[in-house]
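Participant: With the sequences and hints as input, model every part of the structure.
As a plain string of letters, each chain reads:
4 protein chains.
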Amino acid sequence: MEEQENKAGQSAGSSRRALLHEILFESGTPRGRWTDIVLFILIVASVVAVMLESIDTVRYRHQDLLIGLEWMFTIAFTVEYVLRLYSARYPGKYARSFFGVIDLIAVIPTYLSLLLPGAQALIVIRILRLMRVFRVLKLVQYSRAGIHLLFLLQESWKRVWVFVLALALLVTTIGAVVYLIEGPENGFTDIPLSMYWAVVTLTTVGYGDISPQTPLGKFFAALVMIIGYAIIVMSISIAGRHIKRTIPCVRCKETKLEKGAAYCKHCGHKFHQH
Amino acid sequence: MEEQENKAGQSAGSSRRALLHEILFESGTPRGRWTDIVLFILIVASVVAVMLESIDTVRYRHQDLLIGLEWMFTIAFTVEYVLRLYSARYPGKYARSFFGVIDLIAVIPTYLSLLLPGAQALIVIRILRLMRVFRVLKLVQYSRAGIHLLFLLQESWKRVWVFVLALALLVTTIGAVVYLIEGPENGFTDIPLSMYWAVVTLTTVGYGDISPQTPLGKFFAALVMIIGYAIIVMSISIAGRHIKRTIPCVRCKETKLEKGAAYCKHCGHKFHQH
Amino acid sequence: MEEQENKAGQSAGSSRRALLHEILFESGTPRGRWTDIVLFILIVASVVAVMLESIDTVRYRHQDLLIGLEWMFTIAFTVEYVLRLYSARYPGKYARSFFGVIDLIAVIPTYLSLLLPGAQALIVIRILRLMRVFRVLKLVQYSRAGIHLLFLLQESWKRVWVFVLALALLVTTIGAVVYLIEGPENGFTDIPLSMYWAVVTLTTVGYGDISPQTPLGKFFAALVMIIGYAIIVMSISIAGRHIKRTIPCVRCKETKLEKGAAYCKHCGHKFHQH
Amino acid sequence: MEEQENKAGQSAGSSRRALLHEILFESGTPRGRWTDIVLFILIVASVVAVMLESIDTVRYRHQDLLIGLEWMFTIAFTVEYVLRLYSARYPGKYARSFFGVIDLIAVIPTYLSLLLPGAQALIVIRILRLMRVFRVLKLVQYSRAGIHLLFLLQESWKRVWVFVLALALLVTTIGAVVYLIEGPENGFTDIPLSMYWAVVTLTTVGYGDISPQTPLGKFFAALVMIIGYAIIVMSISIAGRHIKRTIPCVRCKETKLEKGAAYCKHCGHKFHQH
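Protein chains in written order, with this note's numbering: chain A, 1 to 274; chain B, 1 to 274; chain C, 1 to 274; chain D, 1 to 274.
Hints may contain errors.
Repeated chains share a single entry, so a pair holds when one copy, or any two copies, can fit it.
Keeping only pairs whose Cα atoms sit at most 20 Å apart, straight-line, the calculated SDA-like set for lysine to any residue is [unchecked claim]: (1) 158 to 231; (2) 158 to 104; (3) 93 to 82; (4) 158 to 227.
None of these hints come from the bench; they were simulated from the model.
Facilitator: Shown next, in the form of structure tokens:
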């Protein structure tokens, strides 16, 4: 479909933009594929560089190399961002899209760190330096599976919401009860910390940094663990049941019937489904 | 259906009650929706206030503000409770319902704390203060999903019961065996504590506050962990199998049919089950 | 069916045995139900007594009461065992059955402890005392769900076996690798202990009593955790796929077809299933 | 099929090779079955010997026995390997296959340890000694279930890949954020270590060797735990949904049909899919 735009008689600029569009946005073509592979390697390398920079011994020994690499990555991603803006059908739409924002966030921090006076805003610089890790999110667009996953998440949003609401109610009440049973003298200094303990226990993580000391607290903790464990094991059987979604028979109205049945399995009534 | 009751010729009191009923009980109407949103915010704010109050530094600095807020919330929920009682079709039924009891529990503790002599019953006051956290349960009624979840739980009650019974047997025997292997000299001071360890291990929480010291104890602990892990992984395949339990139709023999069907859903043949 | 045996003209002994059989083995009849409830309470009470006895402070304070209760429970279960042997259709079969053996184990330890010289065999006595906890397994027979669970376990034996074999291979290789990486100097003193760590990590229990100290060890541990976590999450999707178990079409042989289909969805061939 | 090759008139060497092939490669025949059982016991025994050797007290006490056993196992597995090479249809193909490589790795380390000067290369010797544990992988070929599992893994490779990619993105971003919140002063010394913490928390393992100290860090940790827990619980309902994706048949309209079907499985109507 795209090739038809690229007719003879068009200006050189237009054909250059069409070529760039192919290279940057179309993974299906051989040229687009090569750009993907090069960018994939650049992204992974830049994220690894940020990680290594965070290790003290590595930073002190290889500071110059890491700064050099950082500028190389930043310039490469800046060129990519500018070319994408230039070649996109709707530059404004690209700039506001998820991947447009991620592409911008991938280059801004390094430039901002130049503008800041070195010794003063250490925390801001640390935050900016770390933000470069989010370049890893650029990888999502090179993976069909990643996009599929985002889509699935969006579709099951309602289920996620029920799950989060139910968990919030559980964690709040469990946190309050354990705070009452154990109290500040056993390490449960306030309700928010007790709610943190409730999450640690309910999700079966179990750090052990705070744990109940009294017999009653241990009994209650055991209950909470069983609830958290049961949610996993039980949700399997509840999920299994959802598959049997049925509709009522218009004649006998007594049993709910499976979709796809030609006759009511209770009264033998023939269905006319719409 | 409700609008028909609200005919001309009725007394002003009756129409006022009908209006209140709409505002407080009917989430479908615009007025009812606004009440829901306001109450939702009030509930969340009051629960957050109780949480903040439990943090020592916050309580000492903002004591007056917190007491003021507490009375504001209590009066608001009291007004809500009284109006609900007044406008409900069957006030007695509402008062005894799940949400009626929760609505009452949301206001009682603050009033009770007035009647108690300040310095004496500190523990009772702490319990009362904490009980206000249960206001969070008022949220359930504003969420269709919450009610759906309660319904699902009620339906799968039998499965939950089997699960709890099986877990109780496992935890008791595991607790006794580990108490025998490790004994009081390795931190497993009695059977109830050993059962607590069994729950911590079986549910894959794993605090690490008590852990086996002897080689035999470690081997047994590894077995318990594998059982707990297998229950999760295995229950998935067992749940998968439940879907398939079918018997063949004697006439058409083409489809396998669900147990409990009176007629073949494929050819309409009537079954004679034993 | 059973009532027909109980005809007039039979000896008094035979009718007494039939009555006992009804009381002890038939949960469906009112009399059998009462026996079930009484025995259920006795079993739970006797297991709770063993648990309390294991707590030092409780044992010293209530020694006489606990010994008295213990003999009461033992005599009750002995009477039950003797009556069951007397009234069973096939006494030998009952004595060798799962529940027959459990019923015997429930009474033997108390009698054995009489035969042993008090001060000498302390460990043996502790084992015998603990074995009384297994009385809890007597509960299984009073629960239809428990028997259903045992049946399910038996049916999925093959899957459990695959799971255990795969886990054994994983744990052995992981244990050997972590022992190589971390070594005795970091707490991984030998391969069996390293395998214990592998189980603790793979099953997501995570006590933290032994944990990797070197960067390479931590990287490997992260891999192991992801494998353990993936087994749970992945087995769900693999289990989901098993439901689509299909049979090949005899004509086109190209696609595998769902059981229950009347026509091949690929070539339209009509099936004649057996 | 194999017996036909073994005709009269062939040389004795050829029939000897055919017999060896039956013994070593064909589990279906009685002779092949016996070889399997003997080799199974040898493998398990040799792996147990390596494990015991790693325990200091056992090694010092039974050094001579362990060295003797080790040579016995090595010679047995060498004979097995040579005979397999000799009797295989395509020796080169066997040598390069998964099990061929495993069979070679099972014997090489012991011979290599002879060539190395005793005191010098201790670490290399330790690695070689440990590699003998991988003999356990030889077990896979004696289990139909093991091969089935390998096949399932291969088939679900794409899902595993999506899962690993999603986890890598999550772990990288979570690690960077927690490093920012907690920092080196709370034990999160660099990003790789913070990513290790992210894996420990996300997979619900929860060692507790590193855990957040600040209130904000604890809040974020609670979020991470809920994500890890939700992935397990949610993937169940998402897996459940995949089963239901169907389209209605245009002719009979009675059953919903699977995507990819060429004919309606109910009425035999031919589909024209786009």
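Participant: So, for every hint listed, does it hold in this structure?
Facilitator: Hints and how they fare:
1. Taking the shortest Cα distances, residue 158 and residue 231 sit within 20 Å of each other both inside one copy (18 Å) and across copies (15 Å).
2. Neither within a single protomer nor between protomers do residue 158 and residue 104 lie at most 20 Å apart by alpha-carbon distance, with minima of 31 Å and 31 Å respectively.
3. Within a single copy, residue 93 and residue 82 get their C-alpha atoms as close as 14 Å, which meets the 20 Å cut-off; across copies the closest is 53 Å, which misses it.
4. With identical chains, the CA atoms of residue 158 and residue 227 are at most 20 Å apart between copies only, with a shortest distance of 16 Å across copies and 22 Å within one.
In this structure, the one hint that does not hold is number 2.
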